[in-house]
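Chains as they are written, first to last, in my numbering: chain A, 4 to 135; chain B, 4 to 135; chain C, 4 to 135; chain D, 4 to 135.
Since the hints were derived computationally from the structure, they do not count as laboratory data.
Errors might be hidden in some of the hints.
Since the list gives no way to pick one copy over another, a pair counts as held whenever it fits inside one copy or between any two copies.
[Stated by the list, open to error] Derived pair list, reagent style EDC-like, types lysine to aspartate or glutamate, alpha-carbon separation capped at 16 Å: (1) Lys72 / Glu50; (2) Lys76 / Glu100; (3) Lys135 / Glu50; (4) Lys72 / Glu6; (5) Lys121 / Glu50; (6) Lys72 / Glu52; (7) Lys76 / Asp94.
Protein chains: 4
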Amino acid sequence: MIETTTSIRVRYCETDQMGTFYNARALDWFEVGRTELLRSTGVPYAEAEMRGIMLPLVQAHLNFTGRAKYDDKLLITTTVQIEGKASLRFDCRICHEYSGRPVADGYTVHAITDTAGKPTRPPKWLMELLGK
Amino acid sequence: MIETTTSIRVRYCETDQMGTFYNARALDWFEVGRTELLRSTGVPYAEAEMRGIMLPLVQAHLNFTGRAKYDDKLLITTTVQIEGKASLRFDCRICHEYSGRPVADGYTVHAITDTAGKPTRPPKWLMELLGK
Amino acid sequence: MIETTTSIRVRYCETDQMGTFYNARALDWFEVGRTELLRSTGVPYAEAEMRGIMLPLVQAHLNFTGRAKYDDKLLITTTVQIEGKASLRFDCRICHEYSGRPVADGYTVHAITDTAGKPTRPPKWLMELLGK
Amino acid sequence: MIETTTSIRVRYCETDQMGTFYNARALDWFEVGRTELLRSTGVPYAEAEMRGIMLPLVQAHLNFTGRAKYDDKLLITTTVQIEGKASLRFDCRICHEYSGRPVADGYTVHAITDTAGKPTRPPKWLMELLGK
């Protein structure tokens with residue numbers, strides 16, 4: 004299974020008046036995780052789109068397990084698997100880089116579509132990238 | 004059960020290069036729904052915070068069921084219920100105002116805490132607001 | 004001169020850990036002002052794009068003149084004028100609805116381009132909308 | 004004069020339906036530049052806040068000079084200077100890492116305040132950091 008870990012810092016614009024990150028920012032960070040995972044396969048998502056494959060989100064689940072403040076360094080660990088005939092599922096776990104304390108985890112499910120948004124079976128190159 | 008419906012327009016800043024809204028924006032819109040639901044009870048969330056009650060998100064689930072473009076008018080329908088001893092669950096459904104076509108639905112679960120973030124049982128005024 | 008005023012509420016996701024709105028949100032609100040101004044002319048921006056006219060930002064200036072908290076009701080007042088041969092300038096002023104206290108003001112300058120991004124003279128319908 | 008350069012990638016959530024980054028995101032990126040500049044002085048902004056100094060934005064100016072797509076690698080170059088008695092001015096220039104093509108530039112002016120928001124002269128440690 005492909006697993007990648009990438010590091011970010013919490014931006015001031017990602018905090019809210021509770022003093023931790025605003026909840027929706029976790030979905031932005033999940034995206035950073037997916038981007039780096041796909042890059043590690045050799046086909047960045049931007050190139051997948053150029054090859055005619057899009058991965059629109061159809062479902063997301065998030066658990067908020069801890070706080071993170073401005074400028075905290077976080078690790079995003081992401082894995083991916085094919086789900087059903089025309090979906091990908093990315094699992095994501097975010098924790099503090101130094102302490103390992105958890106921040107958020109969850110998953111996103113993506114349709115595999117052509118550029119017109121029509122669901123399509125994963126092309127051969129995508130199956131091979133994902134080790135199938 | 005309390006149910007409120009509120010209306011928004013998709014902002015340009017909420018779109019992405021797929022030409023629909025960026026997924027995390029749905030969580031922002033769920034927040035608009037919660038804000039208007041709480042206002043309708045007579046105790047806006049800003050006042051709840053002043054009374055010492057915070058509602059940090061602990062879980063969120065989203066289904067993306069349709070597209071929405073810049074300037075589309077959307078309806079956000081929200082309900083709330085007490086879950087367990089110290090949690091609230093808001094269910095949210097977003098659709099196009101004119102056609103009724105679905106855009107997204109899901110729920111968020113919130114801890115009920117004091118301003119220090121310690122879980123607390125819902126105070127009497129909150130129970131009464133929620134009709135318990 | 005065309006001038007429109009529209010009203011918004013500060014969203015929780017627009018606050019930051021200083022307890023006021025995050026600075027970049029003011030640019031989102033300027034956009035809301037432009038959208039409503041253009042709607043008032045009878046040609047919403049979404050329709051202008053369908054007619055082949057885009058208005059990418061080329062310059063923005065912002066003065067931050069006061070605080071605004073979550074759920075505060077703000078008024079956005081916007082005016083527009085043609086600048087040079089192929090530009091529009093929108094001036095924007097944001098204040099608290101009840102007290103009138105200022106929050107932010109500034110302007111944005113937009114190129115008038117075709118959908119390929121090439122600068123173009125304002126078409127006749129746009130000139131007429133703007134009262135020229 | 005202190006000058007730092009830091010590198011980011013454009014996130015999907017930062018694009019809009021024009022296919023380039025949404026204009027307000029440039030202010031987020033200016034913030035990344037300021038954060039890294041202050042870190043390079045030995046006193047990260049998070050620590051400055053702990054020492055009782057805040058730097059709320061009072062003015063921002065942006066020129067949008069080029070496009071940037073999802074996943075493009077950008078360089079943010081930032082400098083800082085003291086302006087008047089109780090202000091800092093950060094100048095910022097964003098360009099594509101590989102081609103050097105410009106994306107945006109501008110500046111932000113920040114009041115120097117205590118944690119209550121009251122303007123204050125820059126403390127000695129801040130003057131020394133900035134080489135005065």
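So, going through the hints one by one against the coordinates:
no.	hint	result
1	Lys72 / Glu50	between (34 Å within a copy, 12 Å between copies)
2	Lys76 / Glu100	within (6 Å within a copy, 23 Å between copies)
3	Lys135 / Glu50	neither (20 Å within a copy, 46 Å between copies)
4	Lys72 / Glu6	neither (26 Å within a copy, 26 Å between copies)
5	Lys121 / Glu50	neither (18 Å within a copy, 26 Å between copies)
6	Lys72 / Glu52	between (34 Å within a copy, 12 Å between copies)
7	Lys76 / Asp94	neither (20 Å within a copy, 25 Å between copies)
Violated hints for the displayed structure, listed by number in ascending order: 3, 4, 5 and 7.
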